[in-house]
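So the chains spell out like this:
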Amino acid sequence: MDLDQMKKEWQETPLEVNVGEEKIGQMIGNEGRSAFRKLLRNEQIAIIVAVLCALISGIFKYPELVWFYRITIALGFCWQIYKVVYLRRVDLINMSILEISRSYIRYRKMAIYEIVLGLVWFWAFTGLYAYLEYIHNEFFGIYEYLVFGIIFGLGFLLCLWTIWRLQWRHIRQLGRSIREVQELEKGNEFY
Amino acid sequence: MTKTAIDKEFMEMIRRHEAIIYKVASFYTDQEHPIGDLYQEVVINLWRSFSAFRGDSKCSTWIYRVALNTCISFMRRTKNRPQFVDISMDIPQPDDHRSEKLKELYRIISRLEKIERALVLLYLDDKSYKEIAEITGLTATNVATKLHRVREKMKTMTEN
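For the record, the sequence lines run as chains A and B. According to our numbering, the first sequence holds residues 10 to 200 in order. According to our numbering, the second sequence holds residues 2 to 161 in order.
For reference, chain A alone in the conformation it holds in the complex:
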């Protein structure tokens, strides 16, 4: 396909877009529910969830578990704050395509790290809980082993499945986008 030949045809093709004023008005009315705003709101809600999670830390009976939980929740809280601040800095109006792509890729990477770390956290938390039960509970028997074994195994399978899905659906695409941006940045530096 020759792009120069295509150009003429592209410009001569009439476009019949006819979205009425009423519908444009409805779209504007949905301003607060745009994908970006929704994303930002979800991240802000996650901060509140982190606070609520911190408040229930007392329900665990082992101090080691409580501290593990509190420290990781505090880290999660800081991480959420960082993401919200990061998203607020994304300026669709004044940033160039290259800058937006960089921000988008970085956010996608954060989301992927977050999923993987979340699963690892779940796995570690369950493991620590099972271990503490094992050393403190004299009635820790075959039934308890079985329950924790199942939870632990499912957590592990969930990790593998999620990473596999991410690998195939998103990580490869993300990798291509990263390479594209890096190549363009190199080109900019060169000239």
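By construction, these hints were calculated from the structure, which means they are not laboratory data. A few of these clues could be false.
A few chain A residues that face chain B, going by a derived Cβ cut-off under 7 Å, partial list only [to be verified]:
#1 L12
#2 V26
#3 L107
#4 I109
The C-beta atom is built at its ideal place from N, Cα and C for all residues, glycine as well.
Position chain B relative to chain A; hints supplied.
Same frame as chain A, now just chain B:
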């Protein structure tokens, strides 16, 4: 300026430039991102930034920038999207174009990376290298080099 006057001016601007919004959305649409959703997201972002637009650059350049930035960074976490207005009857799907050449163009475009698509679109819309550079954040020389590579890539894709 009163709110009604701003609304009127915005509507008029959208009406004048709806082809640009459509073209950008059509370059980034896929199964996960219907063209109508992209179109609406662009309109919303244009509306949000309309009052801040001071006319430092050409209106079309500003629309291209906002539209491309929106489509490149569009992230919707759920397929359940009641917030979007149904405009499927008002805008054609990219496949509706009668020309086989254009259909082929869209097929190839869908295999290009996001920034490459932006470069191709701006080139097809006859934007100068300077304008493309302004929108993309690349240098004009870099734009020329990248466009040359994209041309070659598209040729190879067609041959394959």
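Hints and how they fare:
1. L12: holds, 5 Å
2. V26: holds, 5 Å
3. L107: holds, 4 Å
4. I109: Cβ of I109(A) sits 4 Å from chain B, so the hint holds.
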